[in-house]
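S.K.: From first to last, the protein sequence lines are chains A and B. Residue 1 is where the first sequence starts when you use the UniProt record's numbering, and the numbers rise one by one after that. Residue 1 is where the second sequence starts when you use the UniProt record's numbering, and the numbers rise one by one after that.
Derived from the structure by calculation, the hints contain no laboratory data. C-beta: ideal position from N, C-alpha, C; glycine also. Take the hints with a grain of salt, since some may be wrong.
Selected chain A positions facing chain B (Cβ under 7 Å, derived; list incomplete) [to be verified]:
{"id": "1", "residue": "Leu76"}
{"id": "2", "residue": "Ala78"}
{"id": "3", "residue": "Val88"}
{"id": "4", "residue": "Pro181"}
{"id": "5", "residue": "Ile184"}
Not the full set, but computed from the structure, chain B residues with beta-carbon under 10 Å of chain A [what the hints assert, rightly or not]:
{"id": "6", "residue": "Phe12"}
{"id": "7", "residue": "Ala21"}
{"id": "8", "residue": "Pro181"}
There are 2 protein chains.
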Amino acid sequence: MATSSGHTIKAFDEDLDRLRALISQMGGLAEHGIRESLRCLVQHDLDGAAKVVEDDKKLDALEIQTEQSAVQLIALRAPMAADLRDIVAAMKISSVVERIGDYAKNIAKRVPLLDKSHAIEPLSLLPEMGRMATEMVHDVLNAFIARDAAAAEQVIERDRAVDDFYNSIFRTLLTYMMENPGNIGQSAHLLFIAKNVERVGDHATNIAEMVYYAATGDYYVDRPKGADSLADLD
Amino acid sequence: MATSSGHTIKAFDEDLDRLRALISQMGGLAEHGIRESLRCLVQHDLDGAAKVVEDDKKLDALEIQTEQSAVQLIALRAPMAADLRDIVAAMKISSVVERIGDYAKNIAKRVPLLDKSHAIEPLSLLPEMGRMATEMVHDVLNAFIARDAAAAEQVIERDRAVDDFYNSIFRTLLTYMMENPGNIGQSAHLLFIAKNVERVGDHATNIAEMVYYAATGDYYVDRPKGADSLADLD
């Protein structure tokens with residue numbers, strides 16, 4: 001793993017590497033959680049869903065560990081400029097990744113609320129949307145490890161595809177609800193799940209902006225967005 | 001405004017007070033945004049809603065200012081123990097308050113999507129729910145300023161009432177959708193708005209846990225919650 005610019009204090013570089021490794025570990029768990037919760041949703045796997053809920057505790061513990069390591073590092077080494085930005089970014093990113101884990105947990109908690117017998121067609125689209133969103137998370141965390149602002153920008157651009165996917169699923173679900181009023185309760189849960197997955201893409205974008213700032217020292221300037229995207233609405 | 005425990009360096013106390021004042025200012029804006037967005041929703045006030053969206057930029061700018069002040073304070077003064085916890089809490093709280101502002105913006109963005117002529121009854125419940133949630137935000141930020149762990153705990157206990165309110169609105173909206181399939185699109189927007197308001201209460205709870213940690217040095221131990229609350233699901 002590359003470190004910033006070769007500090008004279010080797011121990012500090014090792015501390016930074018450990019912090020980055022914690023973030024990678026959290027990212028892997030969060031990505032797995034999202035994909036697994038959607039698999040459980042489609043296959044109505046109640047045991048699998050319960051495990052996703054349980055596994056979220058690991059992320060909570062890792063977030064606390066990351067924050068403590070970051071604060072210690074700041075207090076002990078008094079880092080400046082790029083190093084300080086990097087440590088603050090690690091702290092903020094770990095908190096966003098923990099929230100992505102919360103979405104996985106929330107999706108998993110809805111699995112038992114969905115009736116196995118009522119297969120709702122739009123449901124089959126969700127895992128593909130989840131794959132797109134978790135790949136963004138994966139790539140943006142790699143960009144953080146590599147301090148690669150350009151790679152972070154590329155992730156931001158990909159959020160539009162996730163948003164389009166969400167808008168399409170939203171409209172499909174509304175149509176489905178109108179045609180099947182008896183399934184409105186079930187469909188409402190899918191609306192929220194689709195929104196959760198869309199939020200994963202948003203969070204990957206937030207992380208990308210943090211990576212951009214950590215790597216360059218400049219705040220990322222917002223891309224122009226379509227004015228009427230439903231995905232803009234949390 | 002009271003400072004922690006009388007530092008020998010007066011400038012440091014002043015810096016901390018400035019940081020707390022920034023958080024208070026952000027909190028006031030976020031509370032106003034939520035209440036105002038719900039007023040605009042009920043009164044179908046498009047101009048007012050546009051102003052809520054525009055005003056959210058102030059919160060974004062204040063969050064950046066808070067983070068920069070906090071990082072400078074850590075780098076220049078190398079605070080330890082309770083002071084360091086306080087500064088890190090300020091940084092994290094400002095980011096949560098900024099997200100509360102995002103919910104106000106999102107609610108405001110949905111105002112034009114709701115048809116003025118179709119008055120949906122459950123809509124009238126939302127401002128009261130918003131009042132409960134924003135009062136939690138108000139009180140938890142006062143607890144932060146006062147470093148009052150007990151006051152923070154009281155806020156956490158009040159989240160249950162917001163959750164109950166949300167569950168009731170959720171079920172009312174589903175019933176309404178079944179009885180009025182032609183209003184499903186409008187009702188779906190209200191489902192998300194109710195969820196946004198419920199999330200404001202969750203965020204107040206998150207802040208309360210941060211205040212508890214900053215004030216005591218111990219992590220707050222989660223209260224037992226009802227297992228089947230829909231409000232548990234983001």
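S.K.: Out of the numbered hints, which ones does the structure contradict?
M.R.: Numbers 1, 6, 7 - these are the hints that the structure violates, sorted from lowest upward.
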